[in-house]
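Asks: Chains as they are written, first to last, in the working numbering: chain D, 1 to 401; chain E, 1 to 231.
Just so you know, these hints were derived from the structure itself, not from any lab. The structure presented is a predicted model; accordingly, all values stated were derived computationally and were not measured. Just so it is clear, CB atoms sit at the ideal spot from N, CA and C, and this is done for glycine as well. A couple of the hints might just be wrong.
Said to hold, decoys possible - Computed, partial: chain E to chain D, Cβ under 7 Å:
1) S19
2) M21
3) E25
4) V26
5) G28
6) M32
7) R59
8) H60
9) Y62
10) E100
11) E130
12) H135
13) I139
As the list claims (entries may be wrong) - Every beta carbon over 12 Å from chain D, so not counted as near; a handful from chain E, in silico:
14) S18
15) R36
16) E42
17) T63
18) S97
19) E159
20) L198
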Amino acid sequence: MLEQYRDLAPQGTVDLLRQLGRRVEGRSLIHVNSTRYGGGVAEMLHRLMPLFEELGIKVRWEVTAGSDLFYRATKGFHNALQGSSQRITTEMFDEYIESNRASAKRLNLDAEFAMIHDPQPAALIDARPRGATWMWRCHIDISTPQHSVWRFLRPFVIRYDAAIFSLPRFSQRLPLPQFLIYPSIDPLSEKNRELPPEEIDRVLERLGVPRDKPILLQVSRFDRFKDPVGVVAAYRLVKKSHDCRLVLAGGTATDDPEAAEVLAEVQEAVATDPDVHILLLPPTANLEINALQRAATIVYQKSTREGFGLTVAEALWKGKPVIGGETGGITVQLIPGVTGFTVNSPEGAAFCTRRLLNDPELMALLGQQGKEYARHRFLITRHLQEYLGLLIYLQQRIPNG
Amino acid sequence: MQGAGMIDHYARQPFCFSSCMELREVLGKRAMDEHRLLELIEEAPADSIYYHTHSYYLRHAYTQQLYSNDFANWIALYAQDRVLGERLGVLDPFEFSDIEQLRNEIVMILADHLHHATTVARCVVSEPFEFIRSHVIEIPLGLEAGSLWEFREALADVEVGAIFNHVCEARMRKKPLSMDFAYWLSSAEGLGLRELALKVERVGRLGLSLEGMRIKILRLCDQELARQRTL
């Protein structure tokens, strides 16, 4: 399977991966997160697992489970750690610990290395087998957390051997090594593979999105931090001068009970505009997302807070100009005027949209440069390379590792 | 291109090409103004000074900023101190034989500038300077060169991380220097070509990208091979 990346990744990458793989061949690694489908973490793991395996690493993926109260608690943690004020009750904290204890009993955590993704399963550290090296992989921005939640989680986090963040500014003061690794997209996945034009046409027809005018697109969960209402406001400003369509395609994840509330707000903002399409897609709608991104004229990721925002890399890989909120990982993916634009308001998004719609050559240039940049920085091959490098480093540094 | 009838001179020890990958570690130390930056530069681990003065070469061209060291870029862009940015920006990391010498020079320039500054420079945007250090994982490529011709052919084809490894890493972080292109070209175990080695050593100081360094070293090898053919 690795060979299929030879012509997609930068030159020499596949050979480097094989060389790195030899250094950790036969080692066991377990990934643990809280959902098998929906959300960027699950998506990345689905693609990374077979590649680790091909390189001779004994890799497994375990998923924690929990009650509705557990998911409400972890959604609250997720928002609170990203700076939003949340009310987390004592029962919710207790349920978090209980659910993690139950998961620890149910899951097979026996491996030389463990990568525990995000806050949901962080308390599994209580069940770390003797001699194992555990890494906490934090995909979200915890730089300005709600203190009550961080105070609760920190004692678990500091017992890990290392932490991994997506950006330096996401990290916290912690008494353990903190590594910096960007997440990635897979150019061969259903969501990113090349699609023939007729297949794109078919999918858009099925989704009821005509291709008669420029399409502005945002693909993301209906989550307040993704600011779908702000996207509608930007579209309304653009619409005054340019006839276009807006597509808001939102997936939902099993650990995201707040989505329905946000969706209702968006529907209210859109009212009955026939040129706005709200598409509720299941977590498996990868082909649909691929086709929508390829059909789009401009792609938005107008988040106000963001972990990394991999929908940006997806759009860059498809050669699309992207307008994103100036936050989180969007700022390392969008180099203003080179691969896209970053904005801080609906007005900013509208201004950049109008500029791009008026200048097709600029759109093409940003698209071309964006694809090249994504090839080097945001493909799964670079991600795998850095994970392998980290395992090699940790096994040298920690004698038991 | 290898001349007919030419006898290749073989080294006692072949040169083994290795590429490398950079693993970045966030140190959790942030500076919001130039005074704090100076304090942190004084106490940062050498690997962090190395990262902020050498990793430029490994970055994609789209993200490379005006200067090749991060301190100069941050000072010019965020602390809005153009003069100090320029004084640090002109520093050539290849002029120094080790990281401590380079650190001392940076500290001296910063301290001197701040001592003579008439106003207290402040960071005007909320973008702190984040101290990072790199751990470089070496990746042997299984590629060896025994003669100058073999060296030239391998260099032309090798993955670009290998240029970084054998030019930057070898000089500043690895002791002894047996992984350094110039060292192997000049040493008795290598090819004993001292003049060529001197020219190759200077390539690092031309302010070139890694691809630029590759092209320049290839040209120097070709000139030497042409010279040998005339002997």
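Asks: Take the hints in turn and mark each one as holding or not.
Replies: Hint check results:
no.: 1; hint: S19; result: 6 Å, holds
no.: 2; hint: M21; result: 5 Å, holds
no.: 3; hint: E25; result: 5 Å, holds
no.: 4; hint: V26; result: 5 Å, holds
no.: 5; hint: G28; result: 5 Å, holds
no.: 6; hint: M32; result: 13 Å, violated
no.: 7; hint: R59; result: 9 Å, violated
no.: 8; hint: H60; result: 5 Å, holds
no.: 9; hint: Y62; result: 5 Å, holds
no.: 10; hint: E100; result: 23 Å, violated
no.: 11; hint: E130; result: 4 Å, holds
no.: 12; hint: H135; result: 5 Å, holds
no.: 13; hint: I139; result: 5 Å, holds
no.: 14; hint: S18; result: 9 Å, violated
no.: 15; hint: R36; result: 15 Å, holds
no.: 16; hint: E42; result: 20 Å, holds
no.: 17; hint: T63; result: 7 Å, violated
no.: 18; hint: S97; result: 27 Å, holds
no.: 19; hint: E159; result: 3 Å, violated
no.: 20; hint: L198; result: 29 Å, holds
Figure legend: structure checked against the earlier numbered hints; hints not met, in rising order: 6, 7, 10, 14, 17, 19.
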